Amino acid sequence: MVLRPPRVIVTKIGFDGHDRGSRVISATLRDAGMEVIYTPPWQEIATVVKLATEEDADVIGISSLATDHLIIPQLMAALKEADLSDVQVIVGGIVPAKDEAALLKAGVARVFHPGAALDDIVTDVITLTAKRRQLQGESV
Amino acid sequence: MNADILNLRRETVPEALRKWEREFRQSAKGDAVTYNRSGMAIKPLYTQQDWSGDRYEEALGHPGQYPYTRGIYASMYRGRSWSQRQLIGLGVPEDYNARVKEILDLGASALSLIPCNSVFRGYDADEVPHELLGTCGTVINHVKDMEVALDGVPIGDISTAMNDPSPFTLLGFELAVAKRRGIPWSRITGTSNQSDCISHFVANHMFFRLALQGARRVVIDHIKFCNLHVPNWNPLSIVGQHMQQAGATPAEAMALTLASGIQYAEDCIAAGMEPDQFLPRFTFFFDISVSLFEEIAKFRAGRRVWARLCRERFGAKDPRSWRFKFHGQTSGVDLTRQQPLNNIARVTTQAMAGIFGGLQSLHTDSYDEVFSTPTAEAARIAVATQNILREEAQLTDVIDPLGGSYYVESLTDEMEHKINGIIALIDEAGGMYSAVESGIVQRMIGDSALAFQKKVDAGEQVIVGVNAYQVPEDPDEYPVLEYPDQERIQVYLKQLAEFKRTRSGAEVTRALDELARSTENKDSNIFEHVVKAAEAGATHGEICGRLRKELGFGHPLTLV
Numbered sequence: 016m017v018l019r020p021p022r023v024i025v026t027k028i029g030f031d032g033h034d035r036g037s038r039v040i041s042a043t044l045r046d047a048g049m050e051v052i053y054t055p056p057w058q059e060i061a062t063v064v065k066l067a068t069e070e071d072a073d074v075i076g077i078s079s080l081a082t083d084h085l086i087i088p089q090l091m092a093a094l095k096e097a098d099l100s101d102v103q104v105i106v107g108g109i110v111p112a113k114d115e116a117a118l119l120k121a122g123v124a125r126v127f128h129p130g131a132a133l134d135d136i137v138t139d140v141i142t143l144t145a146k147r148r149q150l151q152g153e154s155v
Numbered sequence: 114m115n116a117d118i119l120n121l122r123r124e125t126v127p128e129a130l131r132k133w134e135r136e137f138r139q140s141a142k143g144d145a146v147t148y149n150r151s152g153m154a155i156k157p158l159y160t161q162q163d164w165s166g167d168r169y170e171e172a173l174g175h176p177g178q179y180p181y182t183r184g185i186y187a188s189m190y191r192g193r194s195w196s197q198r199q200l201i202g203l204g205v206p207e208d209y210n211a212r213v214k215e216i217l218d219l220g221a222s223a224l225s226l227i228p229c230n231s232v233f234r235g236y237d238a239d240e241v242p243h244e245l246l247g248t249c250g251t252v253i254n255h256v257k258d259m260e261v262a263l264d265g266v267p268i269g270d271i272s273t274a275m276n277d278p279s280p281f282t283l284l285g286f287e288l289a290v291a292k293r294r295g296i297p298w299s300r301i302t303g304t305s306n307q308s309d310c311i312s313h314f315v316a317n318h319m320f321f322r323l324a325l326q327g328a329r330r331v332v333i334d335h336i337k338f339c340n341l342h343v344p345n346w347n348p349l350s351i352v353g354q355h356m357q358q359a360g361a362t363p364a365e366a367m368a369l370t371l372a373s374g375i376q377y378a379e380d381c382i383a384a385g386m387e388p389d390q391f392l393p394r395f396t397f398f399f400d401i402s403v404s405l406f407e408e409i410a411k412f413r414a415g416r417r418v419w420a421r422l423c424r425e426r427f428g429a430k431d432p433r434s435w436r437f438k439f440h441g442q443t444s445g446v447d448l449t450r451q452q453p454l455n456n457i458a459r460v461t462t463q464a465m466a467g468i469f470g471g472l473q474s475l476h477t478d479s480y481d482e483v484f485s486t487p488t489a490e491a492a493r494i495a496v497a498t499q500n501i502l503r504e505e506a507q508l509t510d511v512i513d514p515l516g517g518s519y520y521v522e523s524l525t526d527e528m529e530h531k532i533n534g535i536i537a538l539i540d541e542a543g544g545m546y547s548a549v550e551s552g553i554v555q556r557m558i559g560d561s562a563l564a565f566q567k568k569v570d571a572g573e574q575v576i577v578g579v580n581a582y583q584v585p586e587d588p589d590e591y592p593v594l595e596y597p598d599q600e601r602i603q604v605y606l607k608q609l610a611e612f613k614r615t616r617s618g619a620e621v622t623r624a625l626d627e628l629a630r631s632t633e634n635k636d637s638n639i640f641e642h643v644v645k646a647a648e649a650g651a652t653h654g655e656i657c658g659r660l661r662k663e664l665g666f667g668h669p670l671t672l673v
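Residue numbers (the working numbering), protein chains in the order written: chain A, 16 to 155; chain B, 114 to 673.
Okay, chain A solo, but in the shape it has when bound (with noise of 0.2 Å):
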C-alpha cells in the first residue's frame, strides 16, 4: 500500500514577509515527494482556509518569524468553522515557549523551532498526513 503524497499547503499569515523558512520547507517537502501549495507570504486568514478547502490539502504549515503566531488561534477558529478540523496544522519559526502552549491548546498539531532537522520534519508530515486520512476516514 503506497500513501498518496501528503498534500501541504505552506503559507504565512500577517504582517512579516521573511520567507526563507517557508521557501526551504516547500523546496524540501517537495523534494520528498510531497504535493505542495506554496503561496507568497502576507496571506488572510480567509484566503488560507479557502485554499485549503479547494486543494484537498492534508497539512497547512505556517511560517512565523515576528510575532504573527499570535494570530494563529484565529486560524483554527476559522477551520472549525469551516468544518476542516482534521487538517493538521503545523507551526514553524520564533514562537516563545509560552506561546507554544497555547498554540497546541488552539489544536495546533506541532510547533517547530530554530534548529528543527528536514528530516523530522518531512516525518512529521507523514505522520500528521496519515492522521488526517484516518481522521477523515480514509484508509491511508
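Simulated from the structure, these hints should not be mistaken for lab results.
Please read all numbers here as calculations on a predicted model, not as lab measurements.
Among the clues, some could well be false.
Here are the computed lysine to any residue pairs in the SDA-like style, where the Cα-Cα straight-line distance is at most 25 Å [what the hints assert, rightly or not]:
1. B/662 <-> A/127
2. B/568 <-> A/131
3. B/292 <-> B/211
4. A/113 <-> B/593
5. A/113 <-> B/587
6. A/65 <-> B/668
7. B/607 <-> A/85
8. A/113 <-> B/494
9. A/113 <-> B/242
10. A/120 <-> B/244
11. A/65 <-> B/600
12. B/567 <-> A/120
13. A/65 <-> B/240
14. B/568 <-> A/127
15. A/113 <-> B/598
16. A/113 <-> B/125
17. B/662 <-> A/60
18. A/113 <-> B/406
19. B/662 <-> A/59
20. B/156 <-> B/139
21. B/568 <-> A/113
22. B/568 <-> A/50
23. B/567 <-> A/142
24. A/120 <-> B/591
25. B/662 <-> A/58
26. B/568 <-> A/60
27. A/120 <-> B/590
28. A/113 <-> B/585
Far from chain B, some chain A residues (derived; all Cβ distances over 10 Å) [what the hints assert, rightly or not]:
29. 34
30. 35
31. 50
32. 69
33. 91
34. 124
35. 139
36. 146
Yeah, the Cβ is synthetic: ideal placement off N, Cα and C, and Gly gets one too.
The hints should help you fit chain B onto chain A, whose structure is shown.
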C-alpha cells in the same frame, strides 16, 4: 590533495616552502582544501606566492585613499568610533520616547526607530488585527505620534535612522515635527533605512511596496527631494542584509547589493542628477555572518569595487562619491535557540568581522532574538559587547589591522573577482529591476539557502548545539519579552480616532488629492507631496493607501 594548492608548480617556489608542504602532508588530517560559505576554496597556508604586495597603492591604497580597500577615512576609528546604533521600537509612541530618553542618558549619539509591522505594511493601527500591534516595533501613524515619540529629543543635533520604506512617511512626519519646532531641515541628519525597494522585492517581504515601476519612481523622487531640501540626510540605504539573511552567500549578497547601487545610480542619472550630487549620500547596510575572514574580505572587496564603479563607470570626481559607507548588523540567522547564551560568542565574532571590515556603524544582535524581541538584559549585553571590543580588546588601535595578511588580501582579491562576475551577470540581464522581474535573483538566493540548510542537516556545516555538542536543556529557562499591554493599545486606538476626528478633514483631502495628481505628472515630485500630506495631518495608512491606488500594489515576486 590538489598538487597545485600552494602554487608549488611555479618554478619560483622557494625550497623552504616545498619543505613545509612535505611536512604538512605528513601530519595534516582531513582535506587540505576547505570551502567558505561563498564556495571559495581555502588553503591551509597563504604566503608571498599568493599576495606579494607589489600593487599596494593600486589595489589597496592607504586608509582614506582610493580605492579605499583599507578604509574610507584616513583616521578611521582613531578619528571617530563606529556609531553604536541599536534598533529600538516597541509599543506605542510614549513607550518609544521613554526608551529613547533612557539611551540618550546612557550616552547614545544616534537613534533608530523601528515601527510596528503594521506600519511596515502600509496600514494604520485601526486597519489590522490588534493582537499584532506594537509587538515588533512602535505604532506610529501620524505627525502627532512622531511629536510624542521625539518629545525632548534634539533632532537638530542627533542623527535618526528610521526603518522607513517607500513612500517614506516617517521622514515626512519628522520633517513636519522639525518645521513645527522651527528646526531647519538642513540640520536634520540620519538615514532612510529600508529605502532600497529592490531588496524588498527579492528578499524581504516585510514592507509595503508599490508595484515595481511606481516604487522605482518614488525612491528616485525621494533622493532628489532630500538632496535639495534635506541635504544632510542619507535618503538611500542599499541593503545586502535582507539577501544574506534570506540565504545569499556573503559574495552574492555583496554583489547583488552593489548591482542595486548601480541601478539606483543609473536611475538618478537618467532623472537628470549629477553623480557627485547624489553618490555622497548613498549608504549601505549589510549582514555580518560568523564566517570571520570571509566577511572581512567581503567588506574590503566591496569597498574597492564600489569606489571603482563610482569613479570609472559613473565618472564621479568628488572623493566623497567614491566612499563606501556602511552599517553592519550581526546575523540573526547564525543564532541558535539551542544553548542560547552561545549566541553572545557568535555575536562577538560577527562584530569583530564587521569592525575589521571597516564599518561605520554597528548593531549587535541580542542573544535572545531567537526567542522574541530582545529583553532589556540581553540588549544591554549586546551593547556591552561593542564596548568590550573597543575598550578592552583595543580593536580600534590600528587601522585595518589585517591589511597585508597574505590570506586576507588573497581572499579579498578572490571576493572582488567573484563579486564582479555576479555584477556582470546582472548587467547582462539588463540591471537589477529586470533581473528581479525575471526571477534570477530570487532563484540564486533560494538555491543558496537550501544548499546551506542541506549542509547543516548533513553535518558538513557544524552548528554548535544544533547538530553537534548538544546538551539537554529547558527552553523555558530563558526570559522572553512581554507583549505590550492590550489596554495601552486600546487607548492608542481611541487616540487615533480622536486625531482623525479633530484634524482639518478638508486640508487632508486636498493634500491627498495633490499627492494623487503628482503621480500622473512626471515633473512633479511625489515625495514632496508625501511630506505635505504628512504636515496636513494625513496618516501613514492614508498616504500609502492613496499611492497604492494610483501606482498599484507590489505583490511578492517570489517563487520556490
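Tell me if the straight-line CA distance from residue 567 of chain B to residue 120 of chain A falls inside 25 Å. violated (32 Å)
Need the status of pair residue 113 of chain A, residue 593 of chain B: alpha-carbon distance at most 25 Å? Since the Cα atoms of residue 113 of chain A and residue 593 of chain B sit roughly 9 Å apart, the hinted pair holds (cutoff 25 Å).
Keeping to a limit of 25 Å between CA atoms, is the pair of residue 113 of chain A and residue 494 of chain B held or broken? Since the Cα atoms of residue 113 of chain A and residue 494 of chain B sit roughly 23 Å apart, the hinted pair holds (cutoff 25 Å).
Compare the distance between the alpha carbons of residue 567 of chain B and residue 142 of chain A with 25 Å, and conclude whether the hinted pair is satisfied. Holds. Residue 567 of chain B to residue 142 of chain A sits at ~22 Å (cutoff 25 Å).
Is residue 120 of chain A close enough to residue 591 of chain B, meaning Cα to Cα at most 25 Å? This hinted pair holds, its Cα atoms lying about 22 Å apart.
Against the 25 Å threshold, does the CA-CA distance of residue 113 of chain A and residue 585 of chain B hold or violate the hint? holds (19 Å)
Agreement of residue 113 of chain A and residue 406 of chain B with the hint, judged by alpha carbon distance not exceeding 25 Å: Violated, at roughly 38 Å.
Sort out whether residue 59 of chain A lies within 25 Å of residue 662 of chain B, counting only the CA atoms. Roughly 20 Å separates the two Cα atoms, so the pair holds.
For residue 662 of chain B and residue 58 of chain A, compute the direct alpha-carbon distance and say whether it is at most 25 Å. It holds: about 20 Å lies between the C-alpha atoms, which stays within 25 Å.
10 Å Cβ clearance of residue 50 of chain A from chain B: holds (13 Å)
Holds or violated: is the Cβ of residue 124 of chain A farther than 10 Å from all Cβ atoms of chain B? Given a closest Cβ separation of 19 Å, the condition holds.
Quick one, are residue 292 of chain B and residue 211 of chain B close enough, alpha carbons at most 25 Å? This hinted pair holds, its Cα atoms lying about 23 Å apart.
Checked against the numbered hints listed earlier, the structure breaks hints 1, 11, 12, 16, 18, 21, 26, 29 and 30; every other hint is satisfied.
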